[in-house]
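Given only the sequences and the hints, what does the whole structure look like? Please build it.
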Amino acid sequence: DAKTTQPPSMDCAEGRAANLPCNHSTISGNEYVYWYRQIHSQGPQYIIHGLKNNETNEMASLIITEDRKSSTLILPHATLRDTAVYYCIVRVDSGNTPLVFGKGTRLSVIA
Amino acid sequence: NAGVTQTPKFQVLKTGQSMTLQCAQDMNHEYMSWYRQDPGMGLRLIHYSVGAGITDQGEVPNGYNVSRSTTEDFPLRLLSAAPSQTSVYFCASRRGRGVYGYTFGSGTRLTVV
Numbered sequence: 307d308a309k310t311t312q313p314p315s316m317d318c319a320e321g322r323a324a325n326l327p328c329n330h331s332t333i334s335g336n337e338y339v340y341w342y343r344q345i346h347s348q349g350p351q352y353i354i355h356g357l358k359n360n361e362t363n364e365m366a367s368l369i370i371t372e373d374r375k376s377s378t379l380i381l382p383h384a385t386l387r388d389t390a391v392y393y394c395i396v397r398v399d400s401g402n403t404p405l406v407f408g409k410g411t412r413l414s415v416i417a
Numbered sequence: 470n471a472g473v474t475q476t477p478k479f480q481v482l483k484t485g486q487s488m489t490l491q492c493a494q495d496m497n498h499e500y501m502s503w504y505r506q507d508p509g510m511g512l513r514l515i516h517y518s519v520g521a522g523i524t525d526q527g528e529v530p531n532g533y534n535v536s537r538s539t540t541e542d543f544p545l546r547l548l549s550a551a552p553s554q555t556s557v558y559f560c561a562s563r564r565g566r567g568v569y570g571y572t573f574g575s576g577t578r579l580t581v582v
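Top line first, the protein sequences correspond to chains A and B.
Following this note's numbering, the numbering of the first sequence begins with 307 at its first residue and continues without gaps.
Following this note's numbering, the numbering of the second sequence begins with 470 at its first residue and continues without gaps.
Any given hint might turn out to be false.
Claimed, not checked - Here's a subset of chain B near chain A, in silico, CB distances under 8 Å, partners left out: (1) Ser502; (2) Pro508; (3) Gly511; (4) Leu512; (5) Tyr517; (6) Ala521; (7) Gly527; (8) Val529; (9) Tyr533; (10) Tyr571; (11) Phe573; (12) Ser575; (13) Gly576.
Unchecked claim - Ranges between beta-carbon positions, derived for each pair: (14) A/Thr362 with B/Met510: 25 to 35 Å; (15) B/Gly485 with A/Glu364: 46 to 56 Å; (16) B/Ser553 with A/Glu364: 37 to 47 Å; (17) A/Lys409 with B/Pro530: 14 to 24 Å.
No lab work stands behind these hints: they were computed from the structure.
Here the structure is a predicted model, which is why all the values come from computation and not from measurement.
The beta-carbon is built from N, C-alpha and C at its ideal position, and this holds for glycine as well.
Below, the structure written as structure tokens:
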């Protein structure tokens with residue numbers, strides 16, 4: 307699986323959009339971009355995934371650049387409950403490829 | 470639909486004791502995995518399974534055994550507990566073929582003294 311690079315930490319004001327970047331310059335054509343988050347002491351939570359096109363669900367939006375070498379997770383109106391570690395994971399989704407976590411970005415939403 | 474259920478939530482073991490961490494899911498998911506998370510660290514993959522009867526090792530398998538006799542259950546066995554195995558253990562599952570996210574359990578907090 308391609309390696310990802312994320313900033314170790316970010317701050318965001320409550321009510322503002324949180325934009326979390328992820329660099330995956332060695333991504334292959336069949337690798338998906340996944341985002342998970344882990345709120346303190348809880349199990350990780352799946353947020354969203356994408357291949358080429360931008361994706362949106364009830365939790366977030368995922369913007370993938372045209373060359374697919376980077377992506378941004380957007381939380382449109384961050385709340386205090388969005389304070390968590392956010393993981394960007396790139397992987398081929400086939401057969402027995404397990405999910406491997408990096409160090410992620412610690413997002414702090416500030417009142 | 471309970472999702473992924475892990476038991477116990479907390480456990481204290483003495484060095485050398487053995488125990489089994491239970492993980493069960495009721496979503497008919499084919500894929501299941503075990504992770505450990507040490508304080509202030511990221512998640513590391515211990516073992517995983519792509520279906521009943523099939524298991525494989527992750528990044529940190531030493532000291533742990535797994536088996537998958539049913540689709541629903543994926544127990545993790547600590548053979549002889551060591552203080553280095555003090556950690557939070559998470560179990561996760563997802564559907565098989567196709568592009569899906571994993572569902573995680575709430576974790577088991579294990580302390581080995």
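Legend entry - Hints that the structure is at odds with (numbers, increasing): 2, 6, 8, 9
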